[in-house]
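Colleague: In numbering that gives the first Met the number 0, the protein residues as written are 0 to 249.
Be careful, since some hints might not be right.
[What the hints assert, rightly or not] Each computed EDC-like pair below joins lysine to aspartate or glutamate, with the alpha-carbon atoms no more than 16 Å apart:
# : residue 1 : residue 2
1 : K184      : D64
2 : K80       : D104
3 : K28       : D84
Honestly, the hints are just simulated from the structure, not real lab data.
All figures in this text were calculated on a predicted structure; none of them were measured in a lab.
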Amino acid sequence: MKPFYHLALIALAGALASSHAQAQPFPNKPIRFIVPVPPGGGADFVARNYATYLSKAFGQQFVIDNRGGAAGIIAMDALAKAPPDGYTLIQTNISTISINQYIYDKLPYNAERDFAPVSITSLNPLILVVHPNIGAHNIRELIALAKAKPGQLAYGSLGSGSIQHLTGHVFGREIGAQLLHIPYKGAAPVTVDLLAGQVQMAFSGVGTVAAHVKAGRLTPIAVTSTQRMEYFSDTPTFAEAGVKNMNRSE
0 MKPFYHLALI
10 ALAGALASSH
20 AQAQPFPNKP
30 IRFIVPVPPG
40 GGADFVARNY
50 ATYLSKAFGQ
60 QFVIDNRGGA
70 AGIIAMDALA
80 KAPPDGYTLI
90 QTNISTISIN
100 QYIYDKLPYN
110 AERDFAPVSI
120 TSLNPLILVV
130 HPNIGAHNIR
140 ELIALAKAKP
150 GQLAYGSLGS
160 GSIQHLTGHV
170 FGREIGAQLL
180 HIPYKGAAPV
190 TVDLLAGQVQ
200 MAFSGVGTVA
210 AHVKAGRLTP
220 IAVTSTQRME
230 YFSDTPTFAE
240 AGVKNMNRSE
C-alpha cells in the first residue's frame with residue numbers, strides 16, 4: 000500500500016492516444032478532452048482551465064467530455080477506443096494509469112500499451128476534511144471518534160481503487176480504526192454529500208473544498224503534503240499530527 004500511496008499523490012498527468020504521421024498540420028479540427036470525473040470537482044476545474052489555454056495556444060477548440068465513474072475506467076476505455084490520431088486527450092491520474100491494474104482483475108485497456116503521456120498538469124496533495132457536526136476539530140479528536148464508533152465513520156472517495164479510497168484505507172490502518180468507505184463517481188458528488196452530512200469525512204483535492212473550508216462548512220484536519228500549505232497554514236501535515244505513512248515523499 001505504501002508505494003501506491005506515495006505515487007498516487009503525483010496526480011493529474013495528461014495522456015494522449017498514440018499518434019501517427021499527420022497528412023495536414025496538427026491540429027486542423029477540434030480536440031476531444033476526456034475528464035474522468037463529473038463536472039464541478041477540482042480535477043474538472045483544472046481540466047477546463049487547461050482546455051482554455053490549449054485552445055488559445057493551438058487555435059482549435061478543446062471540447063470537454065466528462066466521463067465519471069468506475070475509478071476512471073469508463074473514461075480510459077473511451078480513450079482506448081478512440082482513433083489513435085492525436086485528437087483525443089484525457090486528464091488522467093495515478094489511479095487510472097497505475098493503481099487500477101492491481102485492483103481490478105480485468106481492465107478494458109492497457110495503460111502502458113494503449114496510451115502515451117504528454118505532460119504533468121499539477122501535483123496535488125489531499126486534505127482530510129470532516130463535517131463540523133461530528134464534533135472533531137483535530138486529528139486527536141477524530142481518531143478518538145473513529146475508535147469509539149468502529150465502522151460508522153464514513154468517508155467518500157472517487158471510487159474503489161481511487162487514491163482517495165486508498166488514502167482512507169491507509170489512514171484507518173495507521174490509526175487502528177475501522178472506517179466505512181463510500182465510493183462515488185467524482186469529487187463533486189462526494190462534496191455534496193459531505194456538506195449534507197451523508198458522509199462524515201473525505202480526502203479531497205484542495206481546490207475542491209477550499210471555499211467550503213474558508214466558509215466554515217467543512218473542518219480541515221490534516222494535509223498529505225510534507226509541509227503545511229500556505230492557503231491552509233493552520234492545518235498540520237499528517238506527520239506533524241503524529242500519523243505515519245500519510246505524507247508524500249518529495
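Colleague: Now look at each hint and say whether the structure bears it out.
Modeller: Here's how the hints hold up against the structure:
no. : hint       : in the structure
1   : K184 - D64 : 15 Å, holds
2   : K80 - D104 : 20 Å, violated
3   : K28 - D84  : 11 Å, holds
In the structure shown, a violation is registered for the earlier hint numbered 2 alone.
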